[in-house]
Structures are given as structure tokens and as C-alpha cells.
Amino acid sequence: MINREFFFKGYKSILAHDSPAIALGCCFIAIGALLKNLGFNIQESIFSTMLTYALPGSLVMAESLLVGASLLNIFLAVWFVNARLYPMAVSLFPLMMHKDQPKWKYYFSCHFIAVSAWLIMKSNYKSIPKEQRIDYWIGIGSATWSIAVIGTFIGFFSSEFLNKDLMMGLAILNPIYFLCMMVGASKTIQISLSVLLGAILGPIFYFLSPEWSILLGGVVGGTIAYFVGELNVS
Amino acid sequence: MSANIVYAILVTSFATFLSRFLGAVSSEGIKETSKLFKWFNCLAYATLAALIARTIIFPVGVLSDASYMSRFAVVILSLIVFFVSKKNYVYPTIFSAVCMAILNNYF
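Residue numbers (this note's numbering), protein chains in the order written: chain A, 2 to 235; chain B, -1 to 105.
Since the hints were derived computationally from the structure, they do not count as laboratory data.
For every residue, glycine included, the Cβ atom is placed at its ideal position computed from N, Cα and C.
Careful, some of the hints might be misleading.
Simulated pairs of lysine-lysine, DSSO-like, Cα-Cα distance not exceeding 27 angstroms [unchecked claim]:
1. Lys100/A to Lys123/A
2. Lys10/A to Lys85/B
3. Lys33/B to Lys127/A
4. Lys100/A to Lys29/B
5. Lys131/A to Lys29/B
6. Lys13/A to Lys84/B
7. Lys188/A to Lys85/B
8. Lys36/B to Lys104/A
9. Lys85/B to Lys13/A
10. Lys84/B to Lys123/A
11. Lys106/A to Lys188/A
To give an idea of the interface, some chain A residues facing chain B are shown, with a C-beta separation under 7 angstroms as derived from the structure [said to hold, decoys possible]:
12. Ser49
13. Ala55
14. Leu66
15. Gly69
16. Leu174
17. Ile177
18. Tyr178
19. Pro204
20. Tyr207
21. Leu209
22. Gly223
Work the whole structure out from these sequences, hints included.
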């Protein structure tokens, strides 16, 4: 069913020297503490991380609950902020598609799409045979997902010991880690330009529409980078 | 569990899973060597960069209480640590947390 060798190879990738385990764990510690302060109990906090497993979406949900937003508003706000997962899935799954693998593996493992697991897979997929990449991916996803759940658990029970300065320190970890990973991944003109334009255009579009800023920044920046890269090649 | 919180969690997870699932389904016909795949790759990196920039410049939650200067200082110093440490991901990450806590305490 799932190739154990490649599953555990993927699972162990979280132990690598440059793994996102620390950053990811710390961010979910902050989420666990935040959810407790919002009135969630431990079951709800764990349930939230297990089912959502996307940091910005959890933050948006927490903020929406705080201001008493309706369920439709929560749905739309989360969908906008997590719409980035669509291009992330489309730019990852073709690398793992193999005719001998059952479809359910792809549909089941799409839940693991998150920045940390995506970046690990993107930097390691070439070293894995194509047929086994989906099992390797499920291993990576299971590992990062476990870290998120453990982080939430620790955060929930240590919230009383986390003062504001510590919470700020935990909150900045994730963007800095991802920023470094993105800079590290910028090896071609297309990717470098995508990262640069996305980082510039995202905040600019925020002034036009906070909800659409990430998507607009991504689509406009990514498309310009794509055409510049293609022109450069030709 | 309070019903409102459970409904909020279910709605949040559905909104999140929708993008993931649609991405997995629509990538079935896309070859990794195609131009469409390359374009989506650019979109993914640009969208992530936009998200990171927005998280730092227009944060939600506790980070919004930190001043712009302290956030920018942490980003610049962490990138310096990243390049000095020969692109190690762990050192700048840990450094950023310590730096943010210290800067916020004193400025």
C-alpha cells in the first residue's frame, strides 16, 4: 500500500540539520497558546490543527472569531488567505504522479500541502524515484503534521508561561524561516523573480484589497516572472 | 465543545482543504515539463513570497504590536545571519526569535 522505506525516509527528513521542525513547532506553540486565550479547550485546539494544518488560516479563524464574524465570513476569509495552496498543489503533484500509484494517495495526501512540507519536497524530489515520491511525500507530510499537533499541545498547556515578548519571538520564527528557504530556493531567474515580485507586489496590493492582496501579488508577480524567464531562455 | 467553535473549525478546514483538493485534482493532466506547470510554479513561489511579506509588513495577531522598525531590523539581521552561516536555515530562525524578543523588550 505505502512503501515503508520511502515513507520513513520522508518522515526522517524532519530530523535533517536544515529541517523546519523547530520553526514549525514554535509557530504552532504560539497557535496553541493563542487558541487557549481565545477560549478553545484542548480538544478543539488539537482538532483545529489536525483538520486545518495551515498557520495563516488558523490565525484568520482566530481573529474572525474574536470579532464575532459569521461562518460565511470565516469561510471566505480563510479561503482567500489559503488560496495559495492551489498553485502550490498544482506545482507539486505533477512531480509525484505515477500511473502505478492509486489516486486515493494523492487525494488523501493533499491535506499535507503546507509551506514547510512543500519546500522540503521541492528541494528533495529529484533524489527519489518517481514511483515512490508520493510515499516519500506522505512521510514528509505526516512528520510536519505531527510536529504541528505536538506544538499546539505544548502551546496550549504552556500559555501561562508565555509572555508577550516570547509570543512575538515565536510569531516571527515562521516568516523568517520561510523567507530564508525561499531565498535559498531562488536558483533560477524565474523563481528568483517570482519571490522578489511576490514580496513587493503582495504588500502593494494590500492597499487596494487586503483580502485579495496575496492572490493578486502571486498571480501578477508570478506571471511577470514566468514571461521574463521564458524570454530569457529563448 | 462549544458549537460555534466546532463550526468555525469545520468551516476553516473545509475552506483550506478545498484549495488543496482542487489543486490535486487539476494537476492530474499537467506534465512536469509543460509550460503550464512552470507558470504554476512561478505563481506558487510568488504567492508564498506575497504571504511572507504580508505577514511581516501587515501582521495579524501578536506580531502586530511590534514596531515596523523592529520587524524590519529582525528581517535584515536574520538574512545577514543566513548568508554568514552559509545558508543554514536554523541559525537565522532561532536568531530571529531571540532578536525579536529583545528588540520588543527594549524598543
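Right, here's what the structure says about each hint:
no.: 1; hint: Lys100/A to Lys123/A; verdict: holds (21 angstroms)
no.: 2; hint: Lys10/A to Lys85/B; verdict: holds (23 angstroms)
no.: 3; hint: Lys33/B to Lys127/A; verdict: holds (19 angstroms)
no.: 4; hint: Lys100/A to Lys29/B; verdict: holds (13 angstroms)
no.: 5; hint: Lys131/A to Lys29/B; verdict: holds (13 angstroms)
no.: 6; hint: Lys13/A to Lys84/B; verdict: holds (23 angstroms)
no.: 7; hint: Lys188/A to Lys85/B; verdict: holds (13 angstroms)
no.: 8; hint: Lys36/B to Lys104/A; verdict: holds (23 angstroms)
no.: 9; hint: Lys85/B to Lys13/A; verdict: holds (21 angstroms)
no.: 10; hint: Lys84/B to Lys123/A; verdict: holds (20 angstroms)
no.: 11; hint: Lys106/A to Lys188/A; verdict: violated (30 angstroms)
no.: 12; hint: Ser49; verdict: holds (5 angstroms)
no.: 13; hint: Ala55; verdict: holds (5 angstroms)
no.: 14; hint: Leu66; verdict: holds (6 angstroms)
no.: 15; hint: Gly69; verdict: violated (9 angstroms)
no.: 16; hint: Leu174; verdict: holds (5 angstroms)
no.: 17; hint: Ile177; verdict: holds (4 angstroms)
no.: 18; hint: Tyr178; verdict: holds (4 angstroms)
no.: 19; hint: Pro204; verdict: holds (5 angstroms)
no.: 20; hint: Tyr207; verdict: holds (6 angstroms)
no.: 21; hint: Leu209; verdict: violated (13 angstroms)
no.: 22; hint: Gly223; verdict: holds (4 angstroms)
Of the numbered hints listed earlier, those contradicted by the structure are 11, 15, 21.
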